[in-house]
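Undergrad: Chain by chain, the residues run as shown.
Protein chains: 2
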Amino acid sequence: MTDADAEPGAGEDAEAGGDAAEPIDVDFGEDGLVPAVAQDADSREVLMLAYVSPAALERTRETGEAHYYSRSRDELWHKGGSSGHTQAVREIRVDCDADALLYLVEQNVGACHTGHRSCFHRTVDGERVGERAFDPDEVY
Amino acid sequence: MTDADAEPGAGEDAEAGGDAAEPIDVDFGEDGLVPAVAQDADSREVLMLAYVSPAALERTRETGEAHYYSRSRDELWHKGGSSGHTQAVREIRVDCDADALLYLVEQNVGACHTGHRSCFHRTVDGERVGERAFDPDEVY
Numbered sequence: 755m756t757d758a759d760a761e762p763g764a765g766e767d768a769e770a771g772g773d774a775a776e777p778i779d780v781d782f783g784e785d786g787l788v789p790a791v792a793q794d795a796d797s798r799e800v801l802m803l804a805y806v807s808p809a810a811l812e813r814t815r816e817t818g819e820a821h822y823y824s825r826s827r828d829e830l831w832h833k834g835g836s837s838g839h840t841q842a843v844r845e846i847r848v849d850c851d852a853d854a855l856l857y858l859v860e861q862n863v864g865a866c867h868t869g870h871r872s873c874f875h876r877t878v879d880g881e882r883v884g885e886r887a888f889d890p891d892e893v894y
Numbered sequence: 755m756t757d758a759d760a761e762p763g764a765g766e767d768a769e770a771g772g773d774a775a776e777p778i779d780v781d782f783g784e785d786g787l788v789p790a791v792a793q794d795a796d797s798r799e800v801l802m803l804a805y806v807s808p809a810a811l812e813r814t815r816e817t818g819e820a821h822y823y824s825r826s827r828d829e830l831w832h833k834g835g836s837s838g839h840t841q842a843v844r845e846i847r848v849d850c851d852a853d854a855l856l857y858l859v860e861q862n863v864g865a866c867h868t869g870h871r872s873c874f875h876r877t878v879d880g881e882r883v884g885e886r887a888f889d890p891d892e893v894y
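Chains as they are written, first to last, in the numbering used here: chain A, 755 to 894; chain B, 755 to 894.
Extracted from the complex, chain A is given alone in its bound form (with noise of 0.2 Å):
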């Protein structure tokens, strides 16, 4: 490292990287999948949390759009493929375990399928927190 400042302990550090920007190798686990968070890139709001195949992650990188690997018709899903919904990812990160990812979007109209902007759109005891964009019914 020529500058300590800029970035500390980079150079200690255990993890792949070290001091050139080299890609991580995601950790896919026994089946095949990891974990991917989309939050909105400017608003920062979480809108959903889904799985990402290889194939996903691949599709992702080289189209721009979210991808992910739908578990219940276990196939690989273009998110918005269908609703227009899509998700433009401004970028990939990996967590420290490289066994989780978060795609930074632009969420076209809203990423629920309930119309709601984010999945998240409840407390655990059942209030209502989250904003509506759009009406389902007339989407699905």
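Calculated directly from the structure, the hints in this document are not laboratory data. Check before you lean on any hint, since a few could be wrong.
Stated by the list, open to error - To be clear about the criterion: a stretch of chain B counts as covered by chain A if any three or more of its residues have a C-beta under 8 Å from a C-beta of chain A, and this derived list gives those stretches:
1) 777–790
2) 816–824
3) 832–844
4) 851–858
5) 872–884
Ideal placement from N, C-alpha and C gives every residue a C-beta, glycine not left out.
Fit chain B to the supplied structure of chain A, relying on the hints for placement.
TA: Structure of chain B alone, referenced to chain A:
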């Protein structure tokens, strides 16, 4: 609905809850765990992703401090119990499928064992984007 502007479509919503707030029945799945995202309640930075068992959720609600389930140690995990980097939980949200949680927290010092404020301090290309909050050699 008597006031469509206040809660459009809430009456037709298929989700549990309806008009009155009722606790959500969290779906802990086959392995008894749900992924939980911890987000800074003020800056809205996504801090980490970990897993929560029914007991961890119960302890979080009882104590107001974030608890998770450590899959590597196979035990209930009070975040910051040894490091002091606790998370005061301001609100717990649940997603539309009730199989993921969002903890809105006040993070003491930093969430990541590497000394960063957030575990998501790198892009998938290995670029460092996160802020250092402490020196891990002095804490662990």
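Undergrad: Where does the structure disagree with the numbered hints, that is, which hint numbers, in rising order?
TA: Hints 2, 3 are the ones this structure does not satisfy, whereas the remaining hints hold.
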